[in-house]
Amino acid sequence: MTNPAIGDLAQTQPGTSLWQDAWLRLRRNRLALVGLIILLLFIFIAAVTPWIAPYGYAQQDLELGAAPPSAAHWLGTDIFGRDLLTQIMFGGRISLAVGFVATAVALLIGITWGAIAGYMGGRVDAVMMRLVDIIYALPFMIFIILLMVVFGRNMLLLFLAIGAVEWLTMARIMRSQVQSLRQQEFVEAAVSLGLPTATIIRRHLIPNALGPIIVYTTLTVPSVMLLEAFLSFLGLGVQPPETSWGLLISYGAESMEEYPWLLLFPGLALTLTLFSLNFLGDGLRDALDVRGAKD
Amino acid sequence: MLRFIGFRLLQALPVLLVVITVTFFLIRVAPGGPFDSEKAVIPEVQAALEAQYRLNLTLFQQYTAYLGDLFHGDFGPSFKYPGRSVNELIAAGFPVTAELAFYALLVALTIGGIAGIVASLKPNSAQDYIPMSVAMIGICMPSLLLGPILILLFGIYLDWLPVSGWGDSPGDKILPAITLGSAYAAYIARLSRAGMLEVMSQDYIRTARAKGLPEWQVVSRHALRGGMIPVVAFLVLAFAGLLSGSFVVETIFQIPGLGRFYVQAAFNRDYTMILGSTIFLATLIVFFNLLSDILAAWMNPRLRDQMRAL
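Those protein sequences? They're chains A and B, same order as listed.
Numbers 1 to 295, taken from the numbering used here, label the letters of the first sequence in order.
Numbers 1 to 310, taken from the numbering used here, label the letters of the second sequence in order.
In case anyone wonders, no lab produced these hints; they're calculated from the structure.
Check before you lean on any hint, since a few could be wrong.
[As the list claims (entries may be wrong)] Just some of the chain B residues that point at chain A, by a computed CB distance under 10 Å:
(1) 22
(2) 26
(3) 29
(4) 61
(5) 142
(6) 145
In this text, a Cβ means the ideal position worked out from N, Cα and C, and glycines have one as well.
Could you put together the complete structure from these sequences and hints?
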């Protein structure tokens with residue numbers, strides 16, 4: 001049974017002042033704002049690419065071959081006469097998807113793991129965090145290459161493999177947050193009201209630990225995207241006929257001597273995205289006043 | 001101190017055992033045997049091959065036998081290159097990778113350290129913003145892009161430096177070292193700036209200034225020592241990261257190091273090579289993690305006291 005007085009209180013108190021305050025501070029950080037705008041633009045383009053791409057994904061002009069930027073092909077064409085802008089747009093869909101989906105996987109595992117460990121404390125906490133320490137000591141890059149070799153190179157596995165190594169820091173951050181929150185009065189109040197543990201974790205602990213989580217998420221997405229680019233560059237990530245920015249850069253590097261635009265434009269797309277995410281992450285950290293989420 | 005080191009060593013052992021076990025069984029789960037080929041092989045030859053690689057034993061027997069070999073420092077024969085052992089491949093590739101990592105670290109420390117210290121001396125001025133913006137570029141510019149761009153610029157257009165190889169022609173180590181080191185230079189710049197800023201506001205710096213020391217002496221004799229602690233702790237970790245992170249750089253510049261061998265082994269499904277080098281690199285990383293903890297404790301008196309209490 002819920003107490004009506006508590007319900008009223010929750011309604012009269014919007015409780016968003018912290019977030020409004022953070023938004024104000026973020027808006028004043030011009031670099032972070034530019035990052036946010038570029039990022040939203042890229043995500044929007046990625047979402048509507050199939051409808052707005054200037055050419056078909058597989059459309060070739062073999063007679064044209066690799067041509068520098070022109071009015072018909074804004075960013076030029078690759079050696080098979082495919083429009084580079086179209087390739088970059090479709091590649092961006094995959095690169096961004098890997099970045100966000102793998103981060104979401106990491107977020108889900110990390111938050112749950114950290115929240116449970118931090119809330120339960122004692123032996124459960126010791127065992128759970130010991131496990132995190134062990135996985136932390138593994139060489140990530142090697143481990144992912146290993147997974148890709150063993151289970152074949154498919155996209156779903158790429159998401160899961162990257163997500164599976166990136167959740168560790170998330171779990172640590174969440175745990176330390178929950179540990180400090182657990183001792184505060186409103187959590188004790190929730191406990192004494194008899195709320196079930198799962199509800200306390202979901203309703204009270206996770207929302208209050210959101211600041212560092214948001215900041216760390218923003219900084220995880222670029223590192224995940226970088227990882228995908230590395231793997232694709234080595235030929236162990238995204239496979240043709242799919243493409244990604246990492247794969248386009250690797251093709252571009254092969255023929256950069258004759259056709260430098262094939263390297264520069266995909267590289268620019270990736271770098272710009274990584275820049276935006278990092279600046280946004282830094283801005284959010286200052287705006288939400290989170291210490292020690294990076295470095 | 002010794003007790004702390006011993007304690008941490010004991011903690012490292014189960015980690016290594018987990019790495020070995022997981023890697024071993026993951027590899028065995030992989031589809032396709034090493035000798036599945038279109039060509040029909042005489043049954044006796046097949047049997048001899050399988051016996052040589054112990055594939056005729058049960059999985060558990062293979063595992064214990066492998067552990068036994070590892071205990072003697074033997075990673076077994078390579079699947080792909082008959083007659084060559086994984087030990088030989090690692091012995092050939094590792095010194096190259098280590099050398100590359102060392103130069104990269106040198107680049108990172110020199111550029112990053114100077115940039116960070118310079119930036120920390122006048123916070124929130126152009127002297128701060130410019131090096132830190134460059135550091136941001138270093139963090140965002142992935143080596144898989146920086147490497148080809150450097151090759152294009154200095155190797156092809158300007159024709160100043162060789163574009164590939166290792167130790168074949170003078171100067172061919174410069175571009176790989178810069179490519180690999182740049183991201184770490186950026187982190188070191190940030191770390192040393194933050195470390196210096198923190199130290200510069202401490203009382204003992206004020207004391208040094210109050211007794212009339214010139215500013216450069218305050219920085220070089222008093223601030224540097226404390227401000228660089230986070231950098232030193234990072235350096236050891238970075239070296240481990242560089243060792244395993246040189247896959248891309250070695251591939252770009254065609255350097256015959258362990259990273260390139262590993263990627264090739266991944267393509268060739270040379271399972272013993274993958275297994276061996278995974279364990280080798282994991283051991284190194286665990287070792288460097290340990291070293292970093294010990295160094296940090298040794299440099300920070302407060303942590304040292306905690307260890308005595310242990």
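Okay, the hints, checked on the actual structure:
{"no.": "1", "hint": "22", "verdict": "holds (8 Å)"}
{"no.": "2", "hint": "26", "verdict": "holds (5 Å)"}
{"no.": "3", "hint": "29", "verdict": "holds (6 Å)"}
{"no.": "4", "hint": "61", "verdict": "violated (21 Å)"}
{"no.": "5", "hint": "142", "verdict": "holds (5 Å)"}
{"no.": "6", "hint": "145", "verdict": "holds (4 Å)"}
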